[in-house]
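Chains as they are written, first to last, in UniProt numbering: chain S, 1 to 105; chain V, 1 to 551.
Just so you know, these hints were derived from the structure itself, not from any lab.
Glycine residues also receive a C-beta, built at the ideal position from the N, C-alpha and C atoms.
Fair warning: there could be bad hints in the mix.
Have a look at the derived ranges for each label pair, beta carbon to beta carbon [claimed, not checked]:
hint, chain 1, residue 1, chain 2, residue 2, range
1, S, 52, V, 443, 52 to 60 Å
2, V, 459, S, 82, 31 to 39 Å
3, V, 24, S, 63, 17 to 25 Å
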Amino acid sequence: MTSPLEQKKIKIAGPSVVTANRTWDGIVVYRTAAKSWSADLSEAAIVRNSDEAKTLLAESVADDVGAVGAYIAPVQVGADGKIEPGNLREQIRRTGVTIGQSAQA
Amino acid sequence: MYAYDEIDRTLVNERVSEFRDQVKRRLSGELTEDEFKILRLQNGVYLQLHAYMFRVAIPYGTLATNQLRALAHVARKYDRGYGHFTTRQNIQFNWIKLAELPDALEDLAKVGIHAMQTSGNNMRNVTSDQWAGVAPGEIEDPRIWSELIRQHTTLHPEFSFLPRKFKIAITASDHDRAAIKIHDIGLKLIKNEKGETGFEVLVGGGLGRTPFIGKTIKHFVHGRDILSYIEAILRVYNQYGRRDNIYKARIKILVHELGIEKFSREVEEEWQHIRNSSLQIDDEVIEDIRSRFSYPNYEKLPHMPDELRQAAADADFEAWRKNSVAPHKVQGYSIVTISLKPIGKPPGDATAEQMEALADLADKYSFGEIRVGHEQNLALPHVAKRDLPALWKALDKLGLATPNVNLITDIIACPGLDYCSLANARSIPIAQELTRRFANHELANLIGRLHINISGCINACGHHHVGHIGILGVEKNGEEVYQITIGGRADENAALGTLIGPGVKFDEVADVIEDVVEAYLALRERPEELFMDTVKRLGVEPFKERVYATR
Numbered sequence: 001m002t003s004p005l006e007q008k009k010i011k012i013a014g015p016s017v018v019t020a021n022r023t024w025d026g027i028v029v030y031r032t033a034a035k036s037w038s039a040d041l042s043e044a045a046i047v048r049n050s051d052e053a054k055t056l057l058a059e060s061v062a063d064d065v066g067a068v069g070a071y072i073a074p075v076q077v078g079a080d081g082k083i084e085p086g087n088l089r090e091q092i093r094r095t096g097v098t099i100g101q102s103a104q105a
Numbered sequence: 001m002y003a004y005d006e007i008d009r010t011l012v013n014e015r016v017s018e019f020r021d022q023v024k025r026r027l028s029g030e031l032t033e034d035e036f037k038i039l040r041l042q043n044g045v046y047l048q049l050h051a052y053m054f055r056v057a058i059p060y061g062t063l064a065t066n067q068l069r070a071l072a073h074v075a076r077k078y079d080r081g082y083g084h085f086t087t088r089q090n091i092q093f094n095w096i097k098l099a100e101l102p103d104a105l106e107d108l109a110k111v112g113i114h115a116m117q118t119s120g121n122n123m124r125n126v127t128s129d130q131w132a133g134v135a136p137g138e139i140e141d142p143r144i145w146s147e148l149i150r151q152h153t154t155l156h157p158e159f160s161f162l163p164r165k166f167k168i169a170i171t172a173s174d175h176d177r178a179a180i181k182i183h184d185i186g187l188k189l190i191k192n193e194k195g196e197t198g199f200e201v202l203v204g205g206g207l208g209r210t211p212f213i214g215k216t217i218k219h220f221v222h223g224r225d226i227l228s229y230i231e232a233i234l235r236v237y238n239q240y241g242r243r244d245n246i247y248k249a250r251i252k253i254l255v256h257e258l259g260i261e262k263f264s265r266e267v268e269e270e271w272q273h274i275r276n277s278s279l280q281i282d283d284e285v286i287e288d289i290r291s292r293f294s295y296p297n298y299e300k301l302p303h304m305p306d307e308l309r310q311a312a313a314d315a316d317f318e319a320w321r322k323n324s325v326a327p328h329k330v331q332g333y334s335i336v337t338i339s340l341k342p343i344g345k346p347p348g349d350a351t352a353e354q355m356e357a358l359a360d361l362a363d364k365y366s367f368g369e370i371r372v373g374h375e376q377n378l379a380l381p382h383v384a385k386r387d388l389p390a391l392w393k394a395l396d397k398l399g400l401a402t403p404n405v406n407l408i409t410d411i412i413a414c415p416g417l418d419y420c421s422l423a424n425a426r427s428i429p430i431a432q433e434l435t436r437r438f439a440n441h442e443l444a445n446l447i448g449r450l451h452i453n454i455s456g457c458i459n460a461c462g463h464h465h466v467g468h469i470g471i472l473g474v475e476k477n478g479e480e481v482y483q484i485t486i487g488g489r490a491d492e493n494a495a496l497g498t499l500i501g502p503g504v505k506f507d508e509v510a511d512v513i514e515d516v517v518e519a520y521l522a523l524r525e526r527p528e529e530l531f532m533d534t535v536k537r538l539g540v541e542p543f544k545e546r547v548y549a550t551r
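All chains, full assembly: derive it from the sequences and hints.
Below, the structure is given as structure tokens:
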């Protein structure tokens, strides 16, 4: 998975969200349409083109106290509207490490 | 063990107060993330996939038992009950909360542990041989010099904003356990013809995107001149090192581009300006540092105690002893390596319970001292041979007696995509699967010494370039793909591995490694011929053919 830290241009190929880490504790959060952050991917605002993505990202980055390291991440939206991570990195960020017991909470 | 003086304690405590204030201002919004980032990095705090990661220094890999207990406490109170020992004698906590970090730092400061300069573009934790001070044949304890350099470089303004991070490793033994040839500066303690202590100085080693083996820049620098010589190297680097391109900013690139001869001349010229300055070290300074290291009062013990003779009848004990116990410079004592590579578990992880129990065992059997090695294992450096059977039983109960040190399941792996925001692919699950494939101890012993190193991206934190077998995870078309190299090594004969062919998918990696190992077993001339010797004799072609013939 190409690290989002290496992303230079904002170009999206499908539905995407803005994700970041909450500032005070670092947990994974998603930008919502209500201009706040949620730990629940189902509450994330979906963007579908680069202009929407740029706008959502700019607004997210501006909320520097709420969350840090905001970037655009791909998602898949099912026919029922269910949102799933669009790649392995985001899957791991959402559901946790893939390495077994010693890393579990 | 080294005892901090009042200056050290004040420095560490003041740093906690300073960082507490910085965190408070960050959380209130007074500091932006851009402003705060450099401050948190100077205190070992990264932002990773799931959370902040907190990296704590274990200078030259030496820990007292109260320090190990403090690390266990941090793991339990502020994290998820475990820590991860890294390839540079640090420990990382993967789930720390920023708001609680000052408290964690304060708890560590009480036992003289800190996170200063464990990240950022400065002088990182000075590392050394985990067998320092106890290895037979050692010139002298390299930690004394490590400590000297640690003191000189900690918060040194000239070294706080280098073009890029800078790492120094020191060894005093012919067999290099500190991987000095893959460091920005590698120091090997030697004696000159007059019997004076000094250093062979290497420069420009490093892995990552552009790997280089360090080159000898000076065959002998007298001990009294080592600070000025290091400073001269750093001044040349500070002046000429690139700051415009992060991928070309390490000193290895400068040394490569200038050539070692020209770089050496620049350093020599700079050195002549400063070598007779206050940087020249008085013997009293070294003696003062030496006096702050405490050494055990060893007993006079027999070479072969009855307890050890009797325990030899236990095949499991003997398997562990032969694998994990090494000779000590003092008769009747041993160095015991504690494998943090149990089958199927993440390499280098230890739970809070294991750390606490190990601290108890170190108090009981190792004069209260623990060591941390770059191979992501621990060691008890002063174990009486008579105590080995009892220690083994206790370690076994803790899951810390896997007899796989230096064998194929003693895998070095970075955290990879499971934790790291820079990673392109997972490392730990690959390591876990490989340990399951080679779990049979007889098979692992039959294979013999074989180091597998795994990195989840080109930054090479798993040192894949210098693994006997190196595995590098990359991303291709959205999938994890792994490149396999063979023939690397990180010791005194350090070498970079050679790629054997196209990358393979996540699910195929363990099969490929099995093929490489089977090829080795079929190709070696005799059982004593190690994997590296076979690769050296035959090159990579036979292995390549074996792996790709059916793929």
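A quick look at each hint next to the structure:
no., hint, verdict
1, S:52 with V:443: 52 to 60 Å, "56 Å, holds"
2, V:459 with S:82: 31 to 39 Å, "35 Å, holds"
3, V:24 with S:63: 17 to 25 Å, "19 Å, holds"
The structure is consistent with each of the numbered hints, conforming to all of them.
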